[in-house]
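Protein chains: 2
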Amino acid sequence: MSSVIPVSLPQNSYDIAIASIAELGDRIQPLSKLGKKALIVSNAAIFKQYGQTVTDSLTQAGFTVSSCLLPAGERYKTPATLQKIYDAALENRLERSSVMIALGGGVIGDMTGFAAATWLRGINVVQVPTSLLAMVDAAIGGKTGVNHPRGKNLIGAFHQPRLVLIDPEVLKTLPAREFRAAIAEVIKYGIIWDAELFEMLEQAKRLDQIRAVGDELVREMLVRSAKAKAHVVSKDEKESGLREILNYGHTIGHAIESLTNYKVINHGEGVAIGMMAAGLIAVEMGLWDRAECDRQKALIEKAGLPTQIPGGFDRSEIVPTLQADKKVKDGKVRFVLPRQIGTVIVTDQVAPDTIEKVLNSIDLLRDP
Amino acid sequence: MSSVIPVSLPQNSYDIAIASIAELGDRIQPLSKLGKKALIVSNAAIFKQYGQTVTDSLTQAGFTVSSCLLPAGERYKTPATLQKIYDAALENRLERSSVMIALGGGVIGDMTGFAAATWLRGINVVQVPTSLLAMVDAAIGGKTGVNHPRGKNLIGAFHQPRLVLIDPEVLKTLPAREFRAAIAEVIKYGIIWDAELFEMLEQAKRLDQIRAVGDELVREMLVRSAKAKAHVVSKDEKESGLREILNYGHTIGHAIESLTNYKVINHGEGVAIGMMAAGLIAVEMGLWDRAECDRQKALIEKAGLPTQIPGGFDRSEIVPTLQADKKVKDGKVRFVLPRQIGTVIVTDQVAPDTIEKVLNSIDLLRDP
Ligand SMILES: NC(=O)c1ccc[n+]([C@@H]2O[C@H](COP(=O)([O-])OP(=O)(O)OC[C@H]3O[C@@H](n4cnc5c(N)ncnc54)[C@H](O)[C@@H]3O)[C@@H](O)[C@H]2O)c1
Ligand SMILES: NC(=O)c1ccc[n+]([C@@H]2O[C@H](COP(=O)([O-])OP(=O)(O)OC[C@H]3O[C@@H](n4cnc5c(N)ncnc54)[C@H](O)[C@@H]3O)[C@@H](O)[C@H]2O)c1
Ligand SMILES: [Zn+2]
Ligand SMILES: [Zn+2]
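These protein sequences, in sequence, are chains A and B. Residue 204 in this note's numbering sits at position 204 of the first sequence, and the numbers go up by one each step. Residue 23 in this note's numbering sits at position 23 of the second sequence, and the numbers go up by one each step.
Source of the hints: derived by calculation from the structure; they are not laboratory data. You may find that some hints are simply not true.
Since the list can't tell identical chains apart, any single copy or any two copies may satisfy a pair.
[What the hints assert, rightly or not] Subject to a maximum C-alpha distance of 20 Å in a straight line, what follows is the list of computed EDC-like cross-link-like pairs (lysine to aspartate or glutamate): (1) LYS297 <-> ASP208; (2) LYS172 <-> ASP215; (3) LYS33 <-> ASP236; (4) LYS152 <-> ASP87; (5) LYS172 <-> GLU292.
Put together the whole structure using the sequences plus the hints.
Dropping the structure here:
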């Protein structure tokens with residue numbers, strides 16, 4: 001059984017298909033203006049698991065396939081690593097009609113997407129996300145990029161994929177912590193967009209392990225998250241309005257990720273803490289019901305995600321770090337805040353004092 | 001007296017203004033959605049000449065101005081140099097609404113444009129071309145990029161400027177060889193688009209020095225070239241059709257530039273030789289009148305540009321090099337060929353034998 005979620009854009013519409021990676025070749029073969037060369041970009045561990053299936057599928061569909069393996073990890077999401085993709089593109093003489101296949105998590109997806117955006121001023125890319133985070137978030141929407149030594153995703157481009165192919169089966173090999181982290185984004189879609197999804201998650205017995213969650217709910221998460229993101233990005237391709245709601249939990253989350261040098265918590269854990277903070281700010285400002293905020297906390301805990309700010313850095317740096325964020329316009333930090341489960345607003349009217357107060361109160365939650 | 005040439009695009013329309021650089025601030029000040037931070041990107045020599053005027057103009061219009069000076073020359077048009085712009089963007093906390101000002105020749109324009117395209121996934125850029133080549137070509141049309149160690153402009157993006165400001169006065173300090181080289185592109189517009197411009201150039205007493213050409217004809221060249229390029233790029237923003245005619249003279253020109261390691265001839269000189277070759281191919285194929293082809297040759301000579309292939313490399317590599325060009329689709333080399341002065345066609349039906357024959361005949365022209 002396969003589902004297809006269309007992402008409709010003024011130009012460059014594409015599908016998100018929930019299907020087996022063995023179908024990849026057949027599914028991209030009918031796309032318009034596609035040549036015969038495909039370059040798979042991945043890392044060694046993922047390629048070892050899934051590279052052969054993907055290569056065979058593309059070869060059988062008539063593609064000439066080459067591959068480029070990058071070192072794994074966020075710290076390699078750099079302009080330097082990008083050069084390896086460019087070198088492989090040159091080596092294999094990719095043409096404007098050729099396609100890059102991003103086979104991996106969000107790191108591979110973002111780098112491959114950016115390489116495709118900029119090689120010959122733009123060639124085709126197909127996203128085959130293998131991490132839950134990439135499936136529900138990174139692979140959808142066309143944001144691509146790499147990090148600057150002093151800031152995440154500062155160098156990038158908007159470049160829509162021709163297809164996103166999501167195979168839930170590959171999640172079985174995903175490390176448990178990666179799975180949990182991505183559940184933070186799924187909870188995010190519940191808060192910002194899909195109250196039913198939120199309730200489904202509440203009803204699940206467990207959320208902290210893929211096996212315990214079960215195939216059916218995993219599939220539901222994938223489809224509903226993809227639909228939410230697809231809807232939002234198709235209303236706002238270049239991030240000038242609605243898309244901002246996807247940053248729920250990310251403002252403070254990013255600051256803490258960055259202040260702990262990306263070593264203590266991962267992205268999803270940062271988002272979990274950031275949602276806690278944003279929720280409490282909303283409550284503090286009288287925008288959100290405390291009872292709903294508590295339900296959010298319970299869900300974050302059930303997912304095995306942190307609800308507290310980690311130690312090891314100077315907490316008073318959080319507010320200044322927020323102000324240095326690239327999303328800041330004229331020095332005013334913008335926050336996405338819940339009004340009720342399923343609905344958020346965006347505001348730049350949060351007083352620094354309110355932020356400080358909430359950041360301190362999160363501490364107090366350590367021993368409830 | 002100032003002229004404005006509008007470039008109309010589905011989105012992101014902009015003007016090309018022929019005006020003094022002292023007016024820059026006032027001219028960008030009214031642009032929509034522009035913040036108050038401007039980063040001037042230039043090189044030391046150009047900035048020394050014009051940096052103060054531009055800075056003052058921006059400051060007086062209310063901008064907070066910073067600058068970033070890059071090493072001069074095509075060999076620095078690399079991902080590594082790009083990092084310097086990114087560093088300056090970070091240092092000066094550019095926001096999405098900020099603007100980068102490219103003050104320089106095509107090298108500065110292409111790099112600044114690409115940095116602007118990719119910083120925070122796209123910020124504003126204004127092109128202030130200072131070389132004739134950048135004025136008539138590089139600054140218009142939104143193509144931006146840097147070189148890969150093994151190929152020119154392989155890494156890039158389409159990113160439209162908010163304004164192109166052309167000040168003919170700054171050409172007075174341009175080295176003579178740079179001026180001559182760019183005349184090749186002006187002749188190109190005559191052949192592909194504007195027969196009247198071609199005739200004006202024929203009527204000029206001299207074309208090889210800016211002083212000898214005179215202000216009036218220089219201005220005419222600037223306006224007519226900009227109009228030609230603006231028209232073509234606005235019909236075909238992303239280079240999928242009409243825009244290809246701008247490659248007239250560039251196919252073989254690029255190959256020779258590259259085979260001589262960009263050390264023997266410059267870009268315009270390559271284009272001059274390439275136009276000679278394309279013209280002769282068109283004559284050979286019965287598409288173009290020999291008399292008109294001779295007129296083209298006379299004009300190229302009057303401009304002090306080469307009509308012969310330089311020595312120092314293995315000429316039999318030209319055809320294989322053509323086939324390795326990024327513009328090649330399915331191995332077929334596409335040529336822009338004149339039908340008459342002012343009109344060209346695009347074809348992939350040129351037999352390799354015809355190319356070889358013409359390349360040999362260009363040799364024979366050495367002593368006419
Ligand atoms: N473009 C966007 O819109 C967007 C949105 C959110 C996040 N991101 C980016 O995504 C990145 C994070 O993505 P991520 O969490 O997928 O990190 P990741 O790509 O580093 O993957 C996490 C780890 O899991 C491994 N892995 C992935 N799939 C696996 C599988 N099926 N089996 C076994 N191991 C597997 C990876 O090799 C890696 O070691 C960040 O760089 C972030 O900036 C981008
Ligand atoms: N983006 C496009 O559509 C496009 C089109 C054509 C060419 N290009 C690119 O443009 C570049 C070539 O541009 P270029 O010929 O301007 O080379 P350039 O930028 O290297 O300038 C040539 C030299 O002249 C100097 N110079 C420029 N203006 C001057 C002035 N007013 N006074 C004194 N010195 C001055 C420069 O510092 C440099 O040393 C190439 O990299 C080419 O790929 C891009
Ligand atoms: Zn996220
Ligand atoms: Zn040119």
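Exercise. Under a CA distance limit of 20 Å, which applies to LYS33 and ASP236: within one copy, between copies, both, or neither?
Worked result: between (25 Å within a copy, 17 Å between copies)
Exercise. Under a CA distance limit of 20 Å, which applies to LYS152 and ASP87: within one copy, between copies, both, or neither?
Worked result: between (24 Å within a copy, 13 Å between copies)
Problem set entry | Alpha-carbon proximity between LYS172 and ASP215, which holds within one copy, between copies, both or neither at 20 Å | within (10 Å within a copy, 72 Å between copies)
Exercise. Quick one: LYS297 to ASP208, C-alpha cut-off 20 Å, is that within a copy, between copies, both, or neither?
Worked result: Within one copy only: 14 Å inside, 75 Å across.
Exercise. How would you label the pair LYS172, GLU292 (within, between, both, or neither) given a Cα cut-off of 20 Å?
Worked result: Classified as neither; 32 Å inside a copy, 69 Å across copies.
Violation of the numbered hints given earlier is confined to hint 5; every other hint is satisfied by the structure.
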